[in-house]
Amino acid sequence: EEEVERVLVSEHTWRPCPTARRRVRGCLEWVKRQLFRVGEDWYFLFILGVVMATISFTMDIIVARLHLAHMWLYQEIGDIGVLKYLSWTLYPMALAAFSTGFSQSITPYSGGSGIPELKTILMGVVLENYLAIQNFGAKVVGLTCTLTCGSTVFLGKVGPYVHLSAMAAAYLGKMRTTVTRDYENKFKQNEMLVAAQAVGVATVFGAPISGVLFSIEVMSPHFAVRDYWRGFFAATCGAFMFRLLAVFNSEQETIAAVVKSDLKIDFPFDLLEIFFFLILGIICGIVACAYLFCQRWMMVAVTKNRLTAKLLATDKPVYTVLVVLLLASITFPPGLGQFMASRLTMKEHLISLFDNRTWGLMAPNASGVAKPGGLWQEWDHPSATIYGTLTFFLLMKFWMLILATTLPLPAGYFMPIFIYGAAIGRLIGEVVALLFPWGLHSEGPPRPIIPAGYALAGAAAFSGSVTHAVSTALLVCEATGQLGHILPTVLAVLVANAITQKNQPSFYDAGIIVKKLPYLPPIRSRHIASYRVMVEEFMERRVVALAKGDGFQEVLVALDTSADAEYPVVESTGSPTLVGTVSRSQLVAFLQSHEHPQAPQGEKLATVGTLGDDCTIEPIMLQFSPWTSLHQAYHLFQLLKLQRVFVTRSGELVGAVSRAEVR
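Using the UniProt record's numbering, the first residue of the sequence shown is number 1, and each one after it goes up by one.
Hints are supplied without guarantee of correctness; some may be wrong.
Below, computed lysine-lysine pairings styled on DSS-like, alpha-carbon distance capped at 30 Å [stated by the list, open to error]: (1) 188 x 515; (2) 174 x 188; (3) 515 x 310; (4) 641 x 548; (5) 516 x 347; (6) 174 x 515; (7) 260 x 347; (8) 548 x 304; (9) 641 x 174; (10) 515 x 502; (11) 548 x 188; (12) 347 x 84; (13) 304 x 502; (14) 502 x 516; (15) 310 x 516.
These are computed hints drawn from the structure, not numbers from a lab. Computed from a prediction, not measured in an experiment: that's the story for all the values here.
Please model the complete structure; the sequences and the hints are all you need to start from.
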């Protein structure tokens, strides 16, 4: 007892310098109050942008070093065909298998893009542990390995990085509540997630403006204007830091565009070329519809086929190895890969497709081959013209991109469709330059066609139509630093979007549909008759309700009848006037604290009471009328992120509407 007492005394009395510690604590509290006078959001958004930019830049450096190691191994082997094939295929197979196995072993949420799930979360649906910070490391490592596979697998970075930014934002939001000692606010969490989406796009392309707009178009059915500055501030911090790190790493002399291009801006395009840009938009829209349909069909077919479904359920790395082996074999440079520029990285694909020179004029010219910056030569094969290689690239990559989307590893799908659209535009531009070598006007000075401008418009139009976004027109301009073709690019994007939105859901909405996530699809019909559909036509009429005077038996029957999270409470059985709701947890607690009327005599838990006396009845903030239209109910569900709304007529409960009925 003396030892215990001595320990207790020593623990309570050994606190040196109590006065100094109080002063230091007071100074820290004063500093915190002064810093947070401008609002704590600024600091956490700044931290979010800087941290995600640093991780993105570090990831790019690691991917570049690993890709150089792969190219060095491929070149040092020599001319032995079998060894070159093994070095070309085994490297991405091992990385993809590790990416799948490592990420899936830590968390099942690491596979795929992550944007469909984020859209579901922003609609008000709770997905447990999807934004847990424990998943962050698994996604970073898996995504790095996926990107190192390069043009073999042809997968990107945007979607998973948006997911990573959302996880970081959720963690910073919890830190904010700890630092400010404030209660956890769901609206604050949503504001941080909205800003994280913009940061994810901005730190990949170095494009803050289009990053914010793209995140709004793709992720949010309704956007609060008060979140606008948060997104812009965080995205600007992230994009600035991302490009500043490139300067510190001696990659560039100053802050510049991510994708280098040297388009002419004195006369970017002829007015008559608008017609060809519109044709390009139509072609991109039609190809995008075919791509979305085939991709959705492939996702369903893979899950229904017995062999692939078994592999995806039990042996995901095996499925990944088989698919990557097929893709790597096709892109093997001495084989079919020589007609697809397979030795280029994804960034080099973009740089070559945005080349200012006309390939059709340079290919037969021997002097053009000796010019510096010859990435375009990868597209020029002796046995096939540049038109043949571009066409073959588009035909092969169409189904290869679709097959790659079935891989259960962290991967983004925006960059591949961005490059695919640039290839469509480059092919159209080269054809137009071949038909009109001196421009569309025979009189006056020659003004040749610039195929790179068509590549810009094609990249924006195809990626925008696949994702149902118009901000891709600004994204290509920010990523390349070229604004001369902004008008024809916007026209091509609008035409392509008009075709695709009429016929197919977006790429990310298709992911929500295939994964069967809670989702409210858009109202397809805008006919005047759709506005006459009322709530009473599709509401749920059999609603389990409780009266204020109900006791143990009635509550027990209600809990056994349905598994609802909350139950409506009416005034009485004879007067079904809705007075509020009571949660299921409170009803369970009510049963636990009361005794069944027919129970044997024993220890009394509590006196027999009624629901109105012993439970907290929450007031009803929103209710529908039977004559509320479908469009009104749909917009309220999306805007307020509702899960269930009760329907009353003259105050009396007549039904309920949940997301299932609206859908």
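Checked hints:
no., hint, result
1, 188 x 515, "holds, 28 Å"
2, 174 x 188, "holds, 10 Å"
3, 515 x 310, "holds, 17 Å"
4, 641 x 548, "holds, 28 Å"
5, 516 x 347, "violated, 34 Å"
6, 174 x 515, "holds, 29 Å"
7, 260 x 347, "holds, 10 Å"
8, 548 x 304, "violated, 50 Å"
9, 641 x 174, "holds, 22 Å"
10, 515 x 502, "holds, 22 Å"
11, 548 x 188, "violated, 35 Å"
12, 347 x 84, "holds, 23 Å"
13, 304 x 502, "holds, 28 Å"
14, 502 x 516, "holds, 22 Å"
15, 310 x 516, "holds, 19 Å"
Hints 5, 8, 11, counting from the list given before, are not met by this structure.
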